[in-house]
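Novice: Listed here are the chains, written in short residue letters.
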Amino acid sequence: MGPGPVVRPYALVRGRTRPTGDALDVISMVSSVPGGSPDPVGLEPEHLAVLRRCGLAMSVADLASALDLPLGVIRILLGDLRDRGLITIYPPRAEGLADIRLLREVADGLRRL
Amino acid sequence: MAYDDSDAPGTAGRHRGPAPVAVKILIAGGFGVGKTTLVGALTEIQPLRTEEDLSGPGASIDVIVGVENKRTTTVAMDFGRISISDGLVVYLFGMPGQERFWFMWDDLSHGTLGAVVLADVRRLADCFPAIDYFERRETPFVVALNNFPGTIRRGVDEVRKALDLDAHVPIVDCDARERGSCRDTLVTLVDHTIALAGAGSREPSPAGRG
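As given, the protein sequences belong to chains A and B, one line each in that order.
Going from the first sequence to my numbering is simple: count from 1 and add 651.
Going from the second sequence to my numbering is simple: count from 1 and add 672.
The shape of chain A in the complex, shown without the other chains:
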């Protein structure tokens, strides 16, 4: 283990506690927009770390865990990146819960474990 963060997590996001835009579910999938070369002005290293991590789609919870940042901070970083058009966010399908076919697929998949 390293010495740990020298900046308290919410300082990264300048004290903001809410992301811009819609709420982000913990299982929303995030992927960086291919070919996007971010203008680093106004971006923290953590923003760039998020972009590197989600070259392949990754959930909000996985990102928070992988980068060891609180969910609240990750959500704000993602809101910033979304505003700049650098990531695509795929929210979970709310209608999926009424989708019997999807539910059966889950049940069958679990039975095979």
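Derived from the structure by calculation, the hints contain no laboratory data.
Just so it is clear, the structure is predicted and the values come from calculations on it, not from any experiment.
Here a beta-carbon is modelled for each residue, glycine too, at the ideal position from N, C-alpha and C.
Any given hint could turn out to be false.
[Said to hold, decoys possible] Estimated spans, in silico, between C-beta atoms of each pair: (1) B:F703 to A:P685: 43 to 53 Å; (2) B:L760 to A:S688: 29 to 39 Å; (3) A:T739 to B:F703: 37 to 47 Å; (4) B:F800 to A:V684: 16 to 26 Å; (5) A:I751 to B:F800: 27 to 37 Å; (6) B:S757 to A:G706: 20 to 30 Å; (7) B:R721 to A:P696: 15 to 25 Å; (8) B:D778 to A:P696: 28 to 38 Å; (9) B:F800 to A:R752: 33 to 43 Å; (10) B:A797 to A:R744: 28 to 38 Å; (11) B:W774 to A:R762: 25 to 35 Å; (12) B:D845 to A:R752: 53 to 63 Å; (13) B:E716 to A:R744: 18 to 28 Å.
[To be verified] Computed footprint of chain A on chain B; a stretch qualifies when at least three of its residues, placed anywhere within it, have a C-beta under 8 Å from a C-beta of chain A: (14) 690 to 701; (15) 717 to 724; (16) 759 to 768; (17) 845 to 859.
Chain A is fixed; fit chain B onto it per the hints.
Specialist: Frame of chain A; chain B shown alone:
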């Protein structure tokens, strides 16, 4: 180089191609009842951990009152991941049991497929809050009795009565250390969710709304 992870060996949790459909199942119950053990028994990886900050979004003012001098209180949340296929992933979230963390429940339970309420038969009352919560939100749930070694097994009828559970709510035995037992519990939950969705109106409302 804390964040220089671009060549990290694992790509766990990352998905090539189109983003997969993700669903979540919640694991609730009192403190120390075995939620993390259950997640660990099922997930393809070590249970992951993320944190939420009590001063973060969703924290209600009254949570902070009286502890103003305590700068941050983080709550750790264990979660796991089961890849059903390339296009479908099930996430398991252990819900923090202590009352002061309930502000997180709404966030977690939005859109959930359902919940497993783990209960210790010696401390049944510990799972009352979770049962109340899911009943009120009309979230499908099952009660899983984690029979710890040395405890006297209690009958399903007795437990149903003690918990004042509706007849349609499944009660199962579950050894949180046993993968097969945990798997069967989840299958029971999803089957229950399917039954409820099928029995509902033609426009069943997704769990977690309202």
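Novice: Now, for every hint given, state plainly whether the structure supports it.
Specialist: Quick rundown of the hints versus the structure:
1. B:F703 to A:P685: 43 to 53 Å: Holds, at about 45 Å.
2. B:L760 to A:S688: 29 to 39 Å: 32 Å, holds
3. A:T739 to B:F703: 37 to 47 Å: 38 Å, holds
4. B:F800 to A:V684: 16 to 26 Å: 47 Å, violated
5. A:I751 to B:F800: 27 to 37 Å: 31 Å, holds
6. B:S757 to A:G706: 20 to 30 Å: Given about 21 Å between the Cβ atoms, the range holds.
7. B:R721 to A:P696: 15 to 25 Å: About 22 Å separates the Cβ atoms of R721 (chain B) and P696 (chain A), which means 15 to 25 Å holds.
8. B:D778 to A:P696: 28 to 38 Å: Hint holds: Cβ distance 32 Å, inside 28 to 38 Å.
9. B:F800 to A:R752: 33 to 43 Å: Holds, at about 35 Å.
10. B:A797 to A:R744: 28 to 38 Å: This hint holds: roughly 36 Å between Cβ atoms.
11. B:W774 to A:R762: 25 to 35 Å: 33 Å, holds
12. B:D845 to A:R752: 53 to 63 Å: 30 Å, violated
13. B:E716 to A:R744: 18 to 28 Å: Between E716 (chain B) and R744 (chain A), where Cβ atoms are some 22 Å apart, the hint holds.
14. 690 to 701: It holds, with 7 qualifying residues against the three required.
15. 717 to 724: As far as the region 717 to 724 of chain B goes, the hint holds, because 5 residues have Cβ atoms under 8 Å from chain A.
16. 759 to 768: With 5 residues close enough to chain A, the hint holds.
17. 845 to 859: Coverage by chain A holds for the region 845 to 859 of chain B (4 residues, Cβ < 8 Å).
Comparing the model with each numbered hint stated earlier shows that hints 4, 12 do not hold.
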